[in-house]
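J.: Given next are the chains, with one letter for each unit.
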Amino acid sequence: MTTTIRLQRETFDAGAEAAAIARGRTDVGAVVAFTGICRGEEDGQPIAALTLEHYPGMAEAEIARHVAEAQRRWPLLGVTVIHRFGRIEPGDNIVLVVTASSHRQAAFAAAEFLMDYLKTRAPFWKQVESAAGTVWVAAKETDDAAAERWTKSAGREAAE
Amino acid sequence: MRTLRLVYFAWVRERIGKAEEEVVPPASVGTVGDLMRWLAQRGEEYAHAFENPRVIRAAVDRSHARPDATIAGAREIAFFPPMTGG
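Those sequence lines, one after another, are chains A and B.
Going by our numbering, the first sequence opens with residue 293, and the numbers climb by one from there.
Going by our numbering, the second sequence opens with residue 195, and the numbers climb by one from there.
Read the hints as simulated data drawn from the structure, not as lab findings.
Be aware that a few hints might be false.
[Claimed, not checked] Covered by chain A, according to a simulated footprint, are these stretches of chain B (three or more residues, beta-carbon under 8 Å):
no., stretch
1, 199–205
2, 258–264
3, 269–279
[Said to hold, decoys possible] On the chain A side, residues computed to face chain B include the following (Cβ under 10 Å):
no., residue
4, R298
5, I339
6, A340
7, L344
8, E345
9, R396
10, F400
11, L410
12, K411
13, R413
14, F416
15, V429
16, A430
17, D435
18, D436
Quick reminder that beta carbons are idealized off the backbone N, C-alpha and C, glycines included.
Required output: the full structure, derived from the provided sequences and hints.
T.: Spelled out as structure tokens, the structure:
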């Protein structure tokens with residue numbers, strides 16, 4: 293499997309990354325690309341920007357651990373994860389997950405699994421910048437629940 | 195005595211007022227939870243950062259660790275709020 297993990301300040305081209313993962317090979321039958329984008333509002337209030345802080349070294353390692361776990365669960369042919377850090381303005385890309393497999397089910401499921409874990413386990417922290425000042429984003433229980441369901445369904449998937 | 199490198203992120207970093215430091219905790223500090231309690235009594239800024247230990251997450255040598263995890267042999271320990279990436 294080809295794995296690409298990049299943490300970077302600059303933006304990325306989601307289309308180019310999705311095309312690259314299947315280029316030159318004929319075993320890929322499905323590519324799923326998820327792009328997370330900075331919204332212009334948070335809790336109903338307009339925002340100027342997000343600033344993402346991360347833990348260099350651990351962020352790459354943690355993402356790699358989850359990519360390896362995704363590879364154990366689904367027959368993947370390629371995974372690309374790109375996560376930006378620094379100041380990001382509304383409309384700009386934040387994160388990209390691309391998964392490639394022979395069939396769509398594995399590609400869809402693995403992309404969702406990786407995003408759920410990036411939200412709750414990858415060492416990144418978002419700070420919102422608005423007219424009212426700057427405030428750290430609080431972790432959402434819904435994100436924890438989304439990551440937790442993969443734990444609960446681990447046995448079922450292994451049996452499938 | 196062992197020297198530990200501590201790194202802090204997000205509002206934990208802001209409350210403590212530094213991003214990293216080196217400390218030499220006493221031998222009685224054996225777990226991540228012990229280390230948090232020991233740090234909390236080092237000054238007002240630490241007490242503020244660790245006032246609610248349940249919301250603090252930790253990593254030992256760049257892997258997630260629970261409060262009961264040992265710090266024996268650890269070189270770098272990180273403290274930070276729940277993660278909000280993605």
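J.: The structure should be examined with respect to each hint, and the outcome stated for every one.
T.: Cross-check of the supplied hints:
1. 199–205: As far as the stretch 199–205 of chain B goes, the hint holds, because 4 residues have Cβ atoms under 8 Å from chain A.
2. 258–264: violated (count 1)
3. 269–279: holds (count 7)
4. R298: violated, 14 Å
5. I339: violated, 14 Å
6. A340: Check failed: Cβ of A340/A comes no nearer than 18 Å to chain B, outside 10 Å.
7. L344: holds, 7 Å
8. E345: Hint holds; E345/A Cβ to chain B Cβ min 6 Å, cut 10 Å.
9. R396: violated, 22 Å
10. F400: violated, 17 Å
11. L410: At 4 Å from the nearest chain B Cβ, L410/A passes the 10 Å test, so the hint holds.
12. K411: holds, 4 Å
13. R413: holds, 6 Å
14. F416: Hint on F416/A: holds, closest Cβ of chain B at ~3 Å, below 10 Å.
15. V429: holds, 5 Å
16. A430: Interface hint status for A430/A: holds (7 Å vs cutoff 10 Å).
17. D435: holds, 8 Å
18. D436: Hint holds; D436/A Cβ to chain B Cβ min 8 Å, cut 10 Å.
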